[in-house]
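Number of protein chains: 2
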Amino acid sequence: MQNVPASQTAIPDIELALIDRYWRAANYLSVGQIYLLDNPLLKQPLKPEHIKPRLLGHWGTTPGLNFIYAHLNRVIKVRDLDMIYVCGPGHGGPGMVANTWLEGSYSEIYPDISENAAGMQKLFKQFSFPGGVPSHVAPETPGSIHEGGELGYALVHAFGAAFDNPELVVACVVGDGEAETGPLAASWHSSKFLNAKRDGAVLPILHLNGYKIASPTLLARMGDEELESLFRGYGYEPFFVEGHEPAAMHRKMAETFDLAFNAIQLIQQAARDGTASTERPRWPMIILRSPKGWTGPKEVDGRKVEDFFRAHQVPVSNCRDNDRHREILETWMRSYDPADLFDDDGALRPELKALAPEGTKRMGSNPHANGGLLRKELRQPPISDYAVPVEAGKRGAITAQATKILGDYLRDTLMLNDEAKNFRIFGPDETESNRLGSVFEVTDRVWMEEIRPYDVQLGREGRVMEVLSEHLCQGWLEGYLLTGRHGFFSCYEAFIHIVDSMFNQHAKWMKVTRRLGWRKPVSSLTYLLTSHVWRQDHNGFSHQDPGFVDMVANKKSDVVRIYFPPDANTLVWVGDHCLATYDRINVIVAGKQPEAQWLSMQEAEAHCRAGAGIWDWAGSEDGGEPDLVMASAGDVPTLEMMAAVQLLRDAIPDLRIRVVNVVDLMALQSQDQHPHGLSEPDFDALFTTDRPVIFAYHGYPQLIHRLTYKRNNHGNFHVHGFIEEGTTTTPFDMTVLNELDRYHLALNAIDRVPGLKARSGDLVAMLEARLDEHFHYVREHGEDMPEIRDWRWRN
Amino acid sequence: MQNVPASQTAIPDIELALIDRYWRAANYLSVGQIYLLDNPLLKQPLKPEHIKPRLLGHWGTTPGLNFIYAHLNRVIKVRDLDMIYVCGPGHGGPGMVANTWLEGSYSEIYPDISENAAGMQKLFKQFSFPGGVPSHVAPETPGSIHEGGELGYALVHAFGAAFDNPELVVACVVGDGEAETGPLAASWHSSKFLNAKRDGAVLPILHLNGYKIASPTLLARMGDEELESLFRGYGYEPFFVEGHEPAAMHRKMAETFDLAFNAIQLIQQAARDGTASTERPRWPMIILRSPKGWTGPKEVDGRKVEDFFRAHQVPVSNCRDNDRHREILETWMRSYDPADLFDDDGALRPELKALAPEGTKRMGSNPHANGGLLRKELRQPPISDYAVPVEAGKRGAITAQATKILGDYLRDTLMLNDEAKNFRIFGPDETESNRLGSVFEVTDRVWMEEIRPYDVQLGREGRVMEVLSEHLCQGWLEGYLLTGRHGFFSCYEAFIHIVDSMFNQHAKWMKVTRRLGWRKPVSSLTYLLTSHVWRQDHNGFSHQDPGFVDMVANKKSDVVRIYFPPDANTLVWVGDHCLATYDRINVIVAGKQPEAQWLSMQEAEAHCRAGAGIWDWAGSEDGGEPDLVMASAGDVPTLEMMAAVQLLRDAIPDLRIRVVNVVDLMALQSQDQHPHGLSEPDFDALFTTDRPVIFAYHGYPQLIHRLTYKRNNHGNFHVHGFIEEGTTTTPFDMTVLNELDRYHLALNAIDRVPGLKARSGDLVAMLEARLDEHFHYVREHGEDMPEIRDWRWRN
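If you're matching them up, the sequences are chains A and B in order. Under my numbering, the first residue of the first sequence carries the number 30, and numbering increases by one thereafter. Under my numbering, the first residue of the second sequence carries the number 30, and numbering increases by one thereafter.
One or more hints might be untrue.
Identical copies look the same in the list; a pair holds intra-copy or inter-copy alike.
Claimed, not checked - Cut-off 16 Å, straight-line C-alpha distance, at most; resulting in silico cross-link-like pairs (EDC-like, lysine to aspartate or glutamate): (1) 151 / 809; (2) 585 / 753; (3) 423 / 356; (4) 76 / 801; (5) 585 / 754; (6) 151 / 137.
In short, the hints are calculated from the structure, not lab data.
Between the sequences and the hints, there should be enough to build the whole structure, so can you do that?
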């Protein structure tokens with residue numbers, strides 16, 4: 030532990046006294062937001078009608094957040110730093126709002142909330158108020174890239190922001206509640222991916238204020254020795270700041286920040302002038318122990334409040350009706366001495382205003398926290414360079430590995446943006462396994478630990494970020510995107526569920542920012558889900574889950590897109606398209622195994638733009654109305670569907686089959702539900718209004734029903750998909766277990782077309798025999814029948 | 030770091046030599062499973078046809094797992110311990126299968142896989158083979174409570190198993206890949222919840238074999254000093270075992286296990302005879318550094334394999350066609366000298382067999398790993414004790430806090446099972462916030478850290494487990510249930526998404542175990558999701574997400590149940606019912622705020638058993654066919670629906686409204702989709718076949734469409750629910766933002782009944798005016814209009 034010798038630096042008392050006043054101003058404004066409707070400067074005695082009828086907000090964490098903010102302002106000014114503040118305890122919304130108002134950022138963005146008493150009154154009233162601002166640090170809060178409602182992601186967001194931003198410092202407050210979460214516990218390892226030369230710095234500030242909603246926190250009750258050991262083990266140099274007496278705490282904090290920022294400067298200097306050792310640096314972090322609800326009421330109704338869990342939300346309740354409570358509130362607010370902080374008109378006094386940085390150096394106005402301001406377009410190579418040649422007579426006869434081709438595309442995208450240093454690829458140790466390995470021709474996995482002579486594809490400057498934590502990948506990428514850069518996340522399909530909740534939170538953030546004019550668009554978050562449910566040969570049931578897209582489809586339609594490219598050319602088109610979009614979340618599902626190729630690049634483009642289309646070269650409608658529609662979405666379902674079509678066409682040549690393929694799943698929804706939805710006539714033109722539709726879908730069948738339930742022909746949709754039957758088996762056996770295979774599809778088709786059974790000769794018996802044959806063959810030989818393995822579409 | 034002095038104990042070389050042979054036998058069987066179809070004892074030279082056509086499995090982690098297993102066998106025998114093995118690297122399936130076969134457990138459960146050459150051949154062939162066993166440690170694997178396909182949960186499962194099992198030791202292998210995940214990184218703190226007196230012990234063995242699929246692991250590249258610091262920081266005493274030379278490693282491992290188990294014994298003795306200090310003990314853990322793919326091929330085709338990532342799956346591929354590869358395989362397998370390990374008939378040689386424990390002391394036969402064998406029924410109090418009196422004339426007029434009443438029920442359940450010590454409550458710091466605080470009348474939060482004089486509801490013996498990590502709560506509970514106990518998990522609704530993926534994995538485990546006769550039923554995992562989307566006044570959008578049940582509904586219907594009790598009596602009935610079930614996952618969604626009460630306990634029982642029913646006392650059908658069905662699922666939707674019904678009835682007395690309430694969401698599905706599904710006639714009897722149905726649903730509306738799409742009247746369902754509009758606002762404003770409020774419901778009803786608009790006078794104008802009035806009122810006053818707050822159902 031680094032203890033700060035009291036005499037080491039000489040920060041004048043007068044400076045610290047000013048900081049204390051600044052802090053009091055922030056605290057005053059925070060309390061005001063939670064409690065007051067009116068009388069913002071307490072020029073009158075506090076009356077019931079000045080108090081909000083519903084008291085909503087979180088005081089406990091706020092004074093500590095304000096304390097940190099005030100001291101960071103000093104550091105920014107002294108060192109002329111470019112800094113943003115990631116507020117892990119997002120519940121401390123009032124604090125972030127207060128500070129950005131004090132420094133002027135707030136009123137610039139929201140002129141109605143002016144820097145005077147009238148603005149202060151509105152600032153107070155709007156907080157946690159209908160039509161106002163949320164209680165949390167939210168997209169509406171200037172200077173924030175982080176909501177902090179769902180705890181766990183502060184530190185990954187901070188590191189994501191710091192990557193490739195060498196001049197940026199990200200101060201990141203981690204609450205001791207949040208520190209108990211899994212994602213946060215793993216996040217500390219992020220410094221092992223931070224290159225002091227090309228990346229910025231993250232200064233984690235672990236704020237131990239002792240309590241969660243109702244009980245102590247684990248880390249706060251650990252002794253200093255264990256804490257120091259833990260964070261040294263994580264690779265940091267911890268600095269402790271502990272106490273409750275403001276004057277002493279201001280000195281400790283200021284001196285400790287000086288030490289920590291000196292340490293950061295030394296590390297960066299050494300890395301950048303080439304004098305650094307090859308060892309990963311030991312970055313500083315701060316452990317701040319301060320009382321929960323610091324400076325608030327010590328007791329209410331005889332019960333301990335300050336420095337206890339009861340300070341978590343509203344420390345003294347019911348201040349409208351309970352005179353004694355209102356008196357506590359008034360005494361508390363007056364203890365900050367508002368007249369000493371604000372002038373008669375409610376403006377912050379100039380000597381205090383002078384403590385805040387200016388312009389974009391203010392943390393509420395730093396453009397990194399509104400990344401769209403800094404975003405440069407991604408340079409993308411022409412997709413024609415990656416076209417797999419698919420000639421008319423050879424459809425389905427040649428195979429390619431779709432993700433391998435996309436890997437080539439990503440490799441060249443990395444090269445094109447190498448100078449801009451604003452594109453990274455993220456994935457939990459699966460880039461190679463997902464067949465995106467071409468990227469390693471031009472870059473490495475970033476790795477700041479020891480590199481041994483026989484290691485491959487590891488480097489200090491790598492642009493591929495791999496760690497066996499989907500949480501870290503997702504969080505880093507979110508931080509990277511929200512600060513104006515571009516990225517791509519490839520993941521095993523089943524395990525993307527690990528970040529369901531992070532996806533939810535990011536979608537919510539996106540939904541709100543899209544409605545805020547001052548937040549500029551940021552690049553979309555694009556997932557490639559591969560190593561998917563139908564090809565988990567090495568693993569089995571635990572690795573088989575296609576349900577992520579079901580959750581995605583619940584989100585606001587302006588935010589989400591879901592694609593199932595059936596082959597390599599469609600995948601490249603979709604990938605290229607997604608990387609050029611902004612303010613969205615794109616999910617692409619595609620396999621990594623060699624599969625049949627169906628469309629030329631030109632056809633792929635037309636098909637993907639339409640979202641869904643008829644493959645007339647595959648069907649047998651001959652211009653008339655079809656007897657039957659055979660549709661598919663997904664690469665494996667398309668393969669099985671095509672094989673089923675061929676079986677049917679061979680056996681019943683006069684059967685009029687229409688073949689439909691869906692790439693953009695949202696095309697299935699009504700136009701009033703999703704902007705990509707096909708119009709009713711367009712939908713009917715594909716799926717008819719009355720013919721049976723056999724639909725082979727990649728995931729849970731219910732999603733197709735849910736998306737199409739408003740469509741005219743919905744009652745005739747018969748969807749095959751994953752029905753939660755899985756294990757380690759052959760690829761074809763997986764489809765059979767789930768009745769997605771060609772035989773089941775063909776059998777269902779025969780069932781659904783009136784009178785077809787009679788016309789189909791011994792086809793039913795043949796298909797059933799094939800299933801039986803398959804069953805015995807795989808259990809005997811351990812691989813699929815040659816006729817399955819070697820099957821090709823016959824043009 | 031505790032270094033083991035070489036001379037401290039005197040384990041004879043001959044004993045270690047036997048262990049080495051045992052280890053070789055396990056390694057031999059592991060390789061055989063990955064590669065061989067036949068020739069199990071290598072009595073013939075290895076030919077192409079002896080090799081599986083598809084080589085699937087993971088060798089890399091396996092020799093280390095086998096090494097640990099062999100040494101744990103020794104410890105069990107020497108100390109007569111009751112021990113189970115949690116295998117974090119579940120990919121090491123071949124190892125667990127091999128060991129349980131060697132000790133005889135496997136053949137007892139699967140007699141067909143006998144302890145001889147014929148059995149060995151089947152053992153080999155079945156692995157990762159269609160119709161055989163999965164490649165992972167799976168439910169099919171004897172002795173396991175943990176799949177280990179999705180990494181991150183080994184340690185929480187281990188602790189869950191150890192709670193309230195004072196005589197059990199859980200050896201838990203944590204792979205260094207898994208150690209990078211968030212959940213695992215937080216899991217180390219679990220020892221802060223383990224009471225040495227009443228709970229068993231967990232011995233974590235961090236297995237650093239250096240590599241993931243394609244790159245080094247973070248923890249393996251950390252130096253010993255940082256590692257030791259990290260784990261001391263987490264509160265453990267780390268013991269290092271490092272090397273690759275088998276003889277030396279056997280001695281180190283045996284001696285280190287002796288030290289570690291001595292330490293465990295001392296800690297437990299001191300805690301149990303009362304001589305322990307009050308400080309949390311520093312439990313031992315082991316850091317084992319051994320080469321990945323240890324004893325496998327050092328190089329293949331000139332490329333490093335052993336001790337490198339290339340040993341991860343199948344170290345030498347294509348052994349059928351490539352003679353050189355087959356030779357490498359044969360040399361490798363013969364290096365274990367099978368004739369030295371197995372007799373001529375393939376049985377393990379008796380001097381080796383003697384190394385394994387016997388009977389239920391074998392880790393593959395320990396009943397704790399098949400918890401249903403040990404499960405005692407939960408004692409449950411009569412629910413009539415908790416009935417909220419709801420008389421016919423007072424429906425909807427009285428209010429109660431549903432979860433508060435359930436808290437009373439849980440309190441008494443805790444008391445009834447206090448002696449059995451087999452019931453715990455889990456939740457992320459929200460037991461009190463979720464209004465289940467009555468449980469603290471009889472127990473505490475368990476807390477092994479410092480307890481201060483002013484702390485409340487904290488104790489060493491508490492049965493409420495709170496930590497701000499949904500991952501830990503879920504994982505502990507899974508481990509607790511799978512070892513035969515009972516539990517209850519309450520969680521904020523939005524944040525249960527954090528454990529989506531753990532839910533998925535548990536549902537998959539349950540689905541498989543239900544089909545295995547030898548796995549006895551375990552108690553269901555029951556969630557109470559509260560502090561739900563409609564009542565997040567303190568928080569807002571980040572805390573508003575009702576989508577967990579959408580994912581649950583994707584799972585096998587025999588495993589999942591979803592309940593939306595509309596009031597306290599129905600909640601108590603459902604809670605009581607769920608706690609008595611087994612092998613399922615139950616999700617209950619209910620609010621914690623004071624809400625209207627609708628049904629007496631007797632009515633609640635009938636209503637819940639039916640799953641859905643007509644509330645004839647609320648409707649106005651008068652025995653005829655209704656003009657309209659007004660349906661709801663969920664407490665807030667039911668309140669709004671009832672208010673809408675009252676508005677309509679008041680304004681249009683001759684309108685025939687049927688009121689339907691749904692408690693058991695699965696009642697909506699067809700009977701062929703879910704066992705709780707209503708029959709078609711029963712469904713039609715509720716919802717008619719042709720009348721409009723206005724459905725107020727708690728969550729995303731699409732789920733109702735998806736569940737009912739096969740129903741006759743589905744085309745007339747108009748569902749209101751959460752449409753992703755949220756923020757910090759008043760309770761009623763939340764419903765208005767999402768058009769779930771009484772006014773929108775009534776307006777939609779008027780729209781949907783043909784001709785009704787004309788009959789409704791100025792009702793439409795009045796409803797629209799009300800919405801307008803609401804809009805202005807809440808933005809002015811910050812609370813809902815008195816007529817909303819004070820609204821009561823008029824009986």
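Verification of the hints:
1. Taking CA atoms no more than 16 Å apart as the test, residue 151 paired with residue 809 passes between copies only; the shortest distance there is 12 Å, against 76 Å inside one copy.
2. Proximity of residue 585 to residue 753 under the C-alpha cut-off of 16 Å is restricted to the inter-copy arrangement: shortest distance 7 Å between copies versus 27 Å within a copy.
3. Proximity of residue 423 to residue 356 under the C-alpha cut-off of 16 Å is found in neither arrangement, the shortest distances being 84 Å within a copy and 40 Å between copies.
4. Neither within a single protomer nor between protomers do residue 76 and residue 801 lie at most 16 Å apart by alpha-carbon distance, with minima of 83 Å and 30 Å respectively.
5. For the homomeric pair residue 585 and residue 754, the shortest alpha-carbon distance between copies (9 Å) is at most 16 Å, but the shortest distance inside one copy (31 Å) is not.
6. Taking the closest pair of Cα atoms, residue 151 and residue 137 come within 16 Å of each other only inside a single copy of the chain (15 Å); across copies the shortest separation is 75 Å, beyond that limit.
In summary, the structure is inconsistent with hints 3, 4 from the numbered list given earlier, while agreeing with the others.
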